[in-house]
Amino acid sequence: MSTERVLMRNVGRPEALTVRGYREGGGYDALAKALRLQPEEVIEEVKRSGLRGRGGAGFPCGAKWSFVPRQTPKPKYIVCNADESEPGTFKDRLLMEHDPHQLIEGCIIAGWAVGANTTYIYIRGEYTKAAAILESAVRDAYDSGVLGTNVLGSGFRHDMVVHRGAGAYICGEETGMLESLEGKRGQPRVKPPFPAVVGAFGCPTVINNVETLCCATHILLRGADWFKSIGTDERNTGPKLYAISGHVERPGTYEYPIGVPFQTLLDGCGGMYRGRELKAFIPGGASAPMMKASDRGIKMDFDTLAKAGSMLGSAAVIVMDETTCMVRATLRLAKFFAHESCGQCTPCREGTNWMKILLQRIHSGQGSEADLDLLARVVPNVGGISLCALGDAAQGPVRSLVDKFSDEIRENLRAGRYPTPAPRYFDQGAAA
Amino acid sequence: MPTVTIDGRTVEVAAGTNLIEAGLKVGVQIPHYCYHPRLSVVGQCRMCMVEIEGMGKLQAACSTQVMKDGMVVRTTSPNADEAQRAIMEFLLINHPLDCPICDQAGECGLQDYSYKHGQAFSRFRYDEKRTYPEKERIPLGPTVMLNMNRCIQCTRCVRFTEEIAKTSELGFFQRGSHAEIGTFPGKPLDNPLSTCVVDICPVGALTSTRFRFAERVWYLDKSPSLCTGCDVGCNITLEHKRGAIKRYKPRQNPDVNDFWMCDHGRSTHERYREVPRLAFPQIRRNGALAATGWKEALDHVAHNLRSRRSEGAIAFLGSGFLSTEEAFLLAKIAAVVDSPHHSIWVDSGPARQIPNPQGGITGHDAAPNRRGAELAGLVPAAGAVASEDLLLEGGAAKCGAIFVADSDFGRAAYDPKVVERLREAKFLAVMGWADSPLARAADVVLPVATHAERSGTFVNVDWRVQRFEQAFPAPPQVRPGVEALADLLSRFDSKWSTVTPATVFDLMAEEVAAFGGLRYGEIAAEGTKLARIPEAAPAGAGA
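The listed protein sequences derive, respectively, from chains H and S.
For the record, in the first sequence the residue sitting at position 243 is 243 according to this note's numbering, with numbers rising by one throughout.
For the record, in the second sequence the residue sitting at position 454 is 1454 according to this note's numbering, with numbers rising by one throughout.
Be careful, since some hints might not be right.
As the list claims (entries may be wrong) - For lysine-lysine, the following DSS-like pairs were computed, each having C-alpha atoms within a straight-line distance of at most 27 Å:
| id | chain 1 | residue 1 | chain 2 | residue 2 |
| --- | --- | --- | --- | --- |
| 1 | S | K1166 | S | K1187 |
| 2 | H | K307 | H | K404 |
| 3 | S | K1166 | H | K74 |
| 4 | S | K1529 | S | K1222 |
| 5 | S | K1057 | H | K404 |
| 6 | S | K1068 | S | K1057 |
| 7 | H | K335 | S | K1116 |
| 8 | H | K307 | S | K1057 |
| 9 | S | K1057 | H | K191 |
| 10 | H | K191 | S | K1025 |
| 11 | S | K1222 | S | K1246 |
| 12 | S | K1249 | S | K1166 |
| 13 | H | K74 | H | K184 |
| 14 | H | K335 | S | K1187 |
| 15 | S | K1187 | S | K1025 |
| 16 | S | K1057 | S | K1116 |
| 17 | S | K1116 | S | K1222 |
| 18 | H | K191 | S | K1068 |
| 19 | H | K184 | S | K1187 |
| 20 | S | K1529 | S | K1025 |
| 21 | H | K307 | H | K292 |
| 22 | S | K1417 | S | K1398 |
| 23 | H | K404 | H | K292 |
| 24 | S | K1135 | H | K184 |
| 25 | H | K33 | H | K228 |
| 26 | H | K184 | S | K1166 |
| 27 | S | K1166 | H | K191 |
Keep in mind that the hints were calculated from the coordinates and are not lab data.
One chain only, chain H, in its complex shape (with noise of 0.2 Å):
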């Protein structure tokens, strides 16, 4: 297994803050090499390699750049999602505080690839640190000669736009992220059309994650075939970040290739909390439904996970204890979905609510059995049919919480143990 850090190589690299620093360390040397090829043939390298989306959805990124119309014209534009608002997920943080210029040259090698002169990197109104070192990054990159109308000697013009967002999670749906970006109210839009062919301001738009793009980087840099050494199998290669978080020891961001056991994960960042038992967790952040403690085997991978009946998801792995309350847990993920559903389609909206209160009513003590049972009939309906994934997303950990831990839920509404008491924090010497 290869331990080599790849995407996290200069994270305690304050020097490659700079465009001379990161070139020091062998930066924009895979966006000069891309220059040197045709789009078309960059484009492949990333189809070959296998690339899928680390946002989320997994979708394979050399496919989503090619469906942009190479003869059009209109303007295209690169849209970096990094509104990283997934409960759990702080992957893309790291990437951009620490290195900055990976991403600034992802975006260019796909703006490169599609035929796009601009980027517009879409970042978390929170994120109020990593906006100002990718805005500074960004000027420096002006500077150097990175960004502007030759990039790197080249020819090719490529302008680049730190937009922030003012801290709607649905933002980072990505067509909610497009009308958020036009100035409008952001809430998905209906697809198709998809934004590749009809995106931000009406025109041809690739929207990537900010690890998929860092990872594009690395591809161009080494090649395809490097690439798909890493990784489970044809489907699921790459280097891969894991958010880790929860009851362990060390939680943080963990570089690891893609597909290693859930285990591995576990004892890479110190164990349990205080070497407590293994509960559930959380494989791919607050949308995926939860695994039990007997998956702890499972390879987290795309694939692997979906034929469990989760995903992989951003990779942002929660970790709970035997000490957790799994309906407080869950209804604070619920709450969460009531809350940041844009409120446009139906069954998200009224759905994502309905779960909220069941769940507050089964914690409360007020709820019976009857109420675990209408739960159990309600969450299938707000996934599926909902306009965009929220839908889905708000749906996964409660079906799992019904599916898997309704034993013990009858069994504690038999033994009026709810309302739960409330968890007792980690004490601040004690976490890592």
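Based on these hints, arrange chain S on the given structure of chain H.
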């Protein structure tokens, strides 16, 4: 063109047609709330979920277009049914469910689809309903009231103000289950088309300030008619009860008003309540008007039209409110008494613009049928006494008799100076529905039907002949204008004793070239555009 099969029925549609429209072509109604044929597709109510062969997930019919041959759609498969039931349940969990006191009851999308796609029981606790306190009665502007508790967030109203009215007064605020419709601070919903948002609101959230809680809609009878507010000729559904008009609603006609009509037009029927009505024929005896019968009144008019010719001109004044047939008969009467003095008066109004798929249509007159009346012959011959002479100058004094065919022909009928001027004629007969000052000054008063009580045609600003139908009968002593005028005409020429608007129109079409042999029964539902549009003012044909 690609074909699509919906619930086993195959139909060929233009590429890009969405499934809701394609379904309508084969008689399959796919339930929907947010979709409207003239508004952008947002696919957000999720009511129109259907199953498409070869696609794993259910798809929204409104945003799915038929692009290539062979799409097979099922709207009533178990999965689609379940999705529609689930959406109905979601829409209703936070809905007040107080239909008995809701003004929309009877024409409510939630009620209709509940019967068809919903369930009869509730799984949601009443005390947990989301409400919008203090937002039950928000005036969005002068014409529209919002009750946020009833809203289902379909945003049709928001899109209407953005895309059709192009005024963008409404917005979608807040998030999640607290999302709400509202206006921006200091910018009320106040545009000429504002009440259309009430029509397109599928639920009781938006109600018309003028109509709300005035009637239970299931007690209203409905008749196809035309608006008389201007010369656009908006097609309307005239809703009435016991001989009184309760409201106008636009009736779709893509060539004229499409789905819309203006607030002014909606309010025009209120005039029938505000202005006193002529209820029976009257005749002046010893200086005062006294009730009489139709025979005596018409005999008196006929006698005067005949005998006063030596005392001066016999003038006929029509209006833009006459139907084309009435105008034609009036011109005929002028012809039989050998008078060239026949004209109309039409007030001009503000420009009234109604959007339609052709880009819109604008009316400038304050009456619906100036063009029809002129085509029918109410154009003064050269040198004759015209309406301007009668109303603006002392032309009436030169007249032996004046016959005014509309007591409510315009603002001038209420102007004491104009009434005084017209009164200078030796004999003044006034026909009409309104008991206006002009009618009170007449020697003979003939009460006739309003446009809701008669049938006929109007010719709009685009030279489109449109029919309107009698919605309810006129009061006992009141006769439709065509009947009254024909009765008067038969005193000169007996062949006119029995006519209907249809026979008059057909006769007129033979005589007047502009109507080009059109027949009353052949006027299309959306109106018939005249084939030969007169370039200048039409000649006094028919006279």
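For each hint, the structure was consulted:
no. : hint                : verdict
1   : K1166/S <-> K1187/S : holds (14 Å)
2   : K307/H <-> K404/H   : holds (16 Å)
3   : K1166/S <-> K74/H   : holds (26 Å)
4   : K1529/S <-> K1222/S : holds (26 Å)
5   : K1057/S <-> K404/H  : holds (25 Å)
6   : K1068/S <-> K1057/S : holds (19 Å)
7   : K335/H <-> K1116/S  : violated (33 Å)
8   : K307/H <-> K1057/S  : holds (18 Å)
9   : K1057/S <-> K191/H  : holds (14 Å)
10  : K191/H <-> K1025/S  : holds (24 Å)
11  : K1222/S <-> K1246/S : holds (10 Å)
12  : K1249/S <-> K1166/S : holds (21 Å)
13  : K74/H <-> K184/H    : holds (21 Å)
14  : K335/H <-> K1187/S  : violated (34 Å)
15  : K1187/S <-> K1025/S : violated (41 Å)
16  : K1057/S <-> K1116/S : holds (23 Å)
17  : K1116/S <-> K1222/S : holds (24 Å)
18  : K191/H <-> K1068/S  : holds (18 Å)
19  : K184/H <-> K1187/S  : holds (19 Å)
20  : K1529/S <-> K1025/S : holds (26 Å)
21  : K307/H <-> K292/H   : holds (15 Å)
22  : K1417/S <-> K1398/S : holds (17 Å)
23  : K404/H <-> K292/H   : holds (8 Å)
24  : K1135/S <-> K184/H  : holds (25 Å)
25  : K33/H <-> K228/H    : holds (19 Å)
26  : K184/H <-> K1166/S  : holds (17 Å)
27  : K1166/S <-> K191/H  : holds (25 Å)
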